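Novice: For chain D, the structure is supplied; the task is to place chain E on it using the hints.
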Amino acid sequence: KNQVEQSPQSLIILEGKNCTLQCNYTVSPFSNLRWYKQDTGRGPVSLTIMTFSENTKSNGRYTATLDADTKQSSLHITASQLSDSASYICVVSEGTYKYIFGTGTRLKVLA
Amino acid sequence: DAGITQSPRHKVTETGTPVTLRCHQTENHRYMYWYRQDPGHGLRLIHYSYGVKDTDKGEVSDGYSVSRSKTEDFLLTLESATSSQTSVYFCAISWGTNYGYTFGSGTRLTVV
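Quick note, the sequences are listed as chains D and E, same order.
Under the working numbering, the residues of the first sequence are numbered 172 to 282, in order.
Under the working numbering, the residues of the second sequence are numbered 11 to 122, in order.
If you're looking for bench data, these hints aren't it; they were derived computationally from the structure.
Nothing here was measured: the structure is a model prediction, and the numbers come from that model.
Be careful, since some hints might not be right.
[Said to hold, decoys possible] Straight-line distance between alpha carbons at most 30 Å, and here's what the computed DSS-like set of lysine-lysine pairs gives:
#1 E/K63 to D/K279
#2 E/K67 to D/K172
#3 E/K21 to D/K279
#4 D/K242 to E/K67
#5 E/K63 to D/K269
#6 E/K80 to E/K63
#7 D/K269 to E/K80
#8 D/K242 to D/K172
#9 D/K269 to E/K21
[As the list claims (entries may be wrong)] Label pairs and their computed distance ranges (CB to CB):
#10 D/N230 to E/H51: 22 to 32 Å
#11 D/S224 to E/R118: 33 to 43 Å
#12 E/T87 to D/N189: 40 to 50 Å
#13 E/T120 to D/N226: 39 to 49 Å
Glycine included, C-beta positions come from ideal geometry on N, C-alpha and C.
Just chain E, same shape as in the assembly:
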């Protein structure tokens, strides 16, 4: 999607290895979010950021950490990947809670 890119698009990793997913935006949005999408579940919030170096936990944050050192980049790290973290991860950006999201195209992560 225009203005927001995720990398990598696909990744296969082994259990116990660290993994970092990147979300990059060119829209200068204040808010950035990481979600995971699994069959039978709606999108679930992992972490979000409301500014540079300002982050907070979502509903499924265990096993994940984030960092935002620049407005345009929001990184999601799995310190030690587990099979339960196999999922599709979406980054989203927003001007604020009363505005809609723009989602990235997603990262499909497989932990074997």
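Isolated chain D (complex conformation):
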């Protein structure tokens, strides 16, 4: 069964600290993997997208990594800010219309 699992479910960190969110998937075939940020009450917004051949992609303070062999991805947030408080969703595509969404990691950044 195609699945995307994220960990941790929730995370609390202090402003200025770094953190890493994990995504493991069993989706096959694999086309690409995306990370989205979803603020409370809003739709998800794309952070990064990686294909099979890419293993790192950065977007400002956000850096995503992909290991297609172990089917793992991580999202690293550097020097966190209060505005980083949100849910972060990992999405894996089979290359068809099918996108498998993880349930997300809820991040809270405290001052």
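Specialist: What follows is chain E alone, placed relative to chain D:
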């Protein structure tokens, strides 16, 4: 979000009544999607469209129908709303499967 709007943003309706949610885009994207988001679940695909009058079912399509008579509009209809359809509904648009989504701001639907 710029280029995609959902209406209404909030709706409370009674069990058994029909409900239509609207998604409007100004980006001329070919693909449009309807998802629902519930606690403990990732976003789940209800229906999607790959062109005018071209639609297909997603993984949770029972109880829902869609229509796309124009490129810019994608309607989601609950023919007879049930309490299990209480959810937040998101519309998304895309150029294609190798491109990212742009999501709308969501519609919070409560069926009482």
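Novice: State for each hint whether it applies.
Specialist: Hint check:
{"no.": "1", "hint": "E/K63 to D/K279", "result": "43 Å, violated"}
{"no.": "2", "hint": "E/K67 to D/K172", "result": "19 Å, holds"}
{"no.": "3", "hint": "E/K21 to D/K279", "result": "29 Å, holds"}
{"no.": "4", "hint": "D/K242 to E/K67", "result": "28 Å, holds"}
{"no.": "5", "hint": "E/K63 to D/K269", "result": "20 Å, holds"}
{"no.": "6", "hint": "E/K80 to E/K63", "result": "8 Å, holds"}
{"no.": "7", "hint": "D/K269 to E/K80", "result": "23 Å, holds"}
{"no.": "8", "hint": "D/K242 to D/K172", "result": "14 Å, holds"}
{"no.": "9", "hint": "D/K269 to E/K21", "result": "28 Å, holds"}
{"no.": "10", "hint": "D/N230 to E/H51: 22 to 32 Å", "result": "26 Å, holds"}
{"no.": "11", "hint": "D/S224 to E/R118: 33 to 43 Å", "result": "39 Å, holds"}
{"no.": "12", "hint": "E/T87 to D/N189: 40 to 50 Å", "result": "46 Å, holds"}
{"no.": "13", "hint": "E/T120 to D/N226: 39 to 49 Å", "result": "43 Å, holds"}
In this structure, only the earlier hint numbered 1 is contradicted, and the remaining ones agree with it.
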